Amino acid sequence: MANAPATTKKDWATDQEVRWCPGCGDYSILTAVQLMMPELDVRREDTVFISGIGCAARFPYYMNTYGMHSIHGRSPAFATGLAMARPDLDVWVIGGDGDMLSIGGNHLIHALRRNVNVNILLFNNMIYGLTKGQYSPTSEVGKVTKSSPYGSIDQPFNAVSLALGAEASFVARTHDMDRKHMQEMFRRAHAHEGASLVEVFQNCNVFNDGQFDMINKRANRDAMLINLVHGEPIRFGAENERGVVVDDAGNVVIAEISDVGEDALLVHDEHRPDPAVSFALSRLAASPHSPTPVGVFRSVDRSEYATEATNQLAAAQEAKGPGDLAALLRSNPTWDVA
Amino acid sequence: MTDVADAPVGRDVDRVVIRFAGDSGDGMQLTGDRFTSASALFGNDLATLPEFPAEIRAPQGTLAGVSAFQVQISSEPVSTPGDEPTVLVAMNPAALKSDLSRLAGGGTVIVNEDAFEERNLEKAGYADNPLEDGSLDGYTLIEIPMTKLTREVCAELDVKPRDAERSKNFFALGLVSWMYTRPTEPTLDWISEKFAGRDNVIAANTAAFKAGHAYGETAELGSHVVSVPPAKLDPGTYTNINGNTALSWGLVAASQQSGIPMFLGSYPITPASDILHELAKHKNFGVRTFQAEDEIAAVSSAIGAAYGGHLAVTTTSGPGVALKGEAIGLAVSLELPLIVVDIQRGGPSTGLPTKTEASDLLMAMYGRHGESPMPVVAAYSPSQCFDAAIEAARLALTYMTPVMLLSDGYLANGSEPWKLPDVASLPTIDVSFATEPNAMSEDGEPIFLPFLRDDTLTRPWAVPGTDDLMHRVGGLEKADGSGNVSYDPANHALMTELRQKRIEQIAKDIPPTSVEGDADASVAIVGWGSTWGAIRGAVRRMRADGQKMAHVHLTHLNPFPEDLGDVLRGFDHVIVPELNMGQLVKLLRAEYLVDAKPINKVMGQPFTAAELEREILARLEGTEV
Chain H
1 MANAPATTKK DWATDQEVRW CPGCGDYSIL TAVQLMMPEL DVRREDTVFI
51 SGIGCAARFP YYMNTYGMHS IHGRSPAFAT GLAMARPDLD VWVIGGDGDM
101 LSIGGNHLIH ALRRNVNVNI LLFNNMIYGL TKGQYSPTSE VGKVTKSSPY
151 GSIDQPFNAV SLALGAEASF VARTHDMDRK HMQEMFRRAH AHEGASLVEV
201 FQNCNVFNDG QFDMINKRAN RDAMLINLVH GEPIRFGAEN ERGVVVDDAG
251 NVVIAEISDV GEDALLVHDE HRPDPAVSFA LSRLAASPHS PTPVGVFRSV
301 DRSEYATEAT NQLAAAQEAK GPGDLAALLR SNPTWDVA
Chain U
1 MTDVADAPVG RDVDRVVIRF AGDSGDGMQL TGDRFTSASA LFGNDLATLP
51 EFPAEIRAPQ GTLAGVSAFQ VQISSEPVST PGDEPTVLVA MNPAALKSDL
101 SRLAGGGTVI VNEDAFEERN LEKAGYADNP LEDGSLDGYT LIEIPMTKLT
151 REVCAELDVK PRDAERSKNF FALGLVSWMY TRPTEPTLDW ISEKFAGRDN
201 VIAANTAAFK AGHAYGETAE LGSHVVSVPP AKLDPGTYTN INGNTALSWG
251 LVAASQQSGI PMFLGSYPIT PASDILHELA KHKNFGVRTF QAEDEIAAVS
301 SAIGAAYGGH LAVTTTSGPG VALKGEAIGL AVSLELPLIV VDIQRGGPST
351 GLPTKTEASD LLMAMYGRHG ESPMPVVAAY SPSQCFDAAI EAARLALTYM
401 TPVMLLSDGY LANGSEPWKL PDVASLPTID VSFATEPNAM SEDGEPIFLP
451 FLRDDTLTRP WAVPGTDDLM HRVGGLEKAD GSGNVSYDPA NHALMTELRQ
501 KRIEQIAKDI PPTSVEGDAD ASVAIVGWGS TWGAIRGAVR RMRADGQKMA
551 HVHLTHLNPF PEDLGDVLRG FDHVIVPELN MGQLVKLLRA EYLVDAKPIN
601 KVMGQPFTAA ELEREILARL EGTEV
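Going down the list, the protein sequences come from chains H and U. According to the numbering used here, the first sequence is numbered sequentially starting from 1. According to the numbering used here, the second sequence is numbered sequentially starting from 1.
To be clear, the hints were calculated from the coordinates, so they are not data collected in a lab. Certain hints may be false.
Unchecked claim - Cross-link-like lysine to aspartate or glutamate pairs, in silico, EDC-like; alpha carbons within 16 Å at most: (1) U:Lys419 <-> H:Asp336; (2) U:Lys548 <-> U:Asp566; (3) U:Lys281 <-> H:Asp324.
Nothing here was measured: the structure is a model prediction, and the numbers come from that model.
Throw the hints in and build the complete structure from the sequences for me.
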């Protein structure tokens, strides 16, 4: 795929009218992807976007690549089949929190544990948009919506925690207000061999407007976004005055550097074989209303599923020779009738 | 083979039906399977009916735990596992109790008398020992202490008594092999091969088999010896094959004949899992098998592979088809090739997982939301599953459509001799991927329209990786030609009609209705699927009795052959036996306005030829035929 012909954003966009609500966070994600694709040295012909159902799932219609708008929740399964059949392709999966974490939760966790080489972008707006505003599996307890007039009583999923628990080899988080950060996460996901999950906090300005304001309004970011950088002590704050430490009880907590000292800061390591610390980092914020880590939580090497499957095919051909149908039909006892 | 008693010379008969029955743990399926294999290699025609409980180990000694295997071996062509066994091998009281009623009057009962002790009799619900109370007086009873004799013959071997007892099914197999003059080598060879590396198991099973074989001689059972000479089959090379294996091999063949690599997405389910097992072995044919997390992922992964240019298959049974319905609808909408294999079983819900039924026809036809027609192909015998699989693949690949391939539990597990086809004579399936734009845009640029159809209304198959043909497909309604999302009312009507027409016109490309028997008869028996053997047997008997009768067996259920209506209207009586409550009969009545009459059976078992004959004659009573 190297040395793909030079392209621009325009080459990656279709002529289809984009039909998201004006002001939707999906626009900024689409722009980030369309601007990034020309930098990846890949061909549009070798790229496939697969989605399920929901607002986010309209994404493939707007990418001038191969694409499939499939059925609700199943996009990781369609993508798994395609990636296994065609390991030469670059397969992206796009979906929202209802699509991927509710109806499609099963497929998401199995795609992650198998480590099939797909890049999964999970647009999390913490609400159902296309069905007009019901609470989603990431909505906070107490959320009042049309389907929860007295407040949601469902404990929400934390997408990063879920992915880490599902044996994911690459997990990252970003948000729709920072194109540069989004592109960096998407690029990292693309470069990763295996399943990569990027949770994108995305504003639904119609049914859940401002859900992420507290952490990603420009004025709040320094104090509220904890940028995870591999090899660096984890620190944040308007004056970089706060950080993340492991306390005496073994908990990963936020502390004032003035209290604990610089040397106490936890140094971020994406490559830890044990996901426990990454998991603890994912639990720092129960909702996007307190300091929230973004960046790559985990990136480890693990054998990729389609490669393993292809290797088994090659090994079988090596051992038995290419398939011989006549021999197969005679592989059980036979007898001749004259 | 000097240490095995010489085969006795028996009187020749043209057929026998033997039923092996015992506890689930007694190895009856294996015993039946081995007897079948030896008979096949001997040259008999045969058909088998394995019947077993859904539990892996049902409570020992109970009626629920009885596992049975019936086989008809014949010197003449046969199409069923036989109506009534002439011999019942009962390894315990429960087996005798549950299966005695099937035995022909005056038939032979061979029992393992060791198992007829108080506890087992009680579990089977016998107040008195049937071996002693005269209840078997109408039968020929052969009582043998199989457990004891097996234990004794294994005593000299390094085998624990409990392990030795497990070999008693080989004692029974040895005895029955002697009584029916079966060759012993195939079984002895098989034991050595199957248990290679476990020398004491080989020794125990071999000893038990030989002891059973010798017992016939020493106990002077010579008067029971029967020979079934080889059948006069067409010249050729044969193998004994069950439906699931034949279907798997048919799919491999379709992949070879089309040059398109196969992808199977599947989730374990009885009685379809054996197809996944079989295909997982054949990676050297380029077959990719994927055991998905559920039925929906299985079909979805297959559709993903189809988009990538593979011969996509998903295999399941009825409950799985129900789960796959939405995704199959997507394949209808995307117009991608996909084979959905439904090995039907008793329903609804979990129903009878290990028992046969053919009650998914209407689901295959209509079990999706919206107007979503797709071809339906049904296999009719174990070996014919091979051809049915190739036909399903041909229709899917030629017409870019999902195809439902129906088999059932009886075909899946039943076996018969199969004359191997000449591989060179198998049909090739022509597939060509789109490689270049197929239209011009308004400003004169070459463009690709993914839903531009050819004269069979089939759209092009452009796979990712192909230069300049980037396109999106999706479940939203598509504009004719461009495939872009369209909510235009007239376009939806047009696309709905096109999807219907393109399946209907496949009728031009399938064989016309085949009428067996008397084409000038006034009575036609119309069937589909696994009832073929029993209908054939019943029709043969009635014709032998001078009744004129035709047999029409449908392999294509959607679309039907173009001439089917005319053919059916040519008969005064159309009778439709089905292993359901009347599904094909509904379709035929609706489609052709013929007064077709149903014969239905939903007992988890196939029809016997005798009961069909009885039912058909009852329908014809008082009418002029």
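Would the hint linking Lys548 (chain U) and Asp566 (chain U) be met if the CA-CA limit is 16 Å? 19 Å, violated
So if I understand the rule, the pair passes when the alpha-carbon distance is 16 Å or less; does Lys419 (chain U) with Asp336 (chain H) pass? 9 Å, holds
16 Å Cα cutoff - pair Lys281 (chain U), Asp324 (chain H): 13 Å, holds
The structure is inconsistent with hint 2 alone, although it conforms to all the rest.
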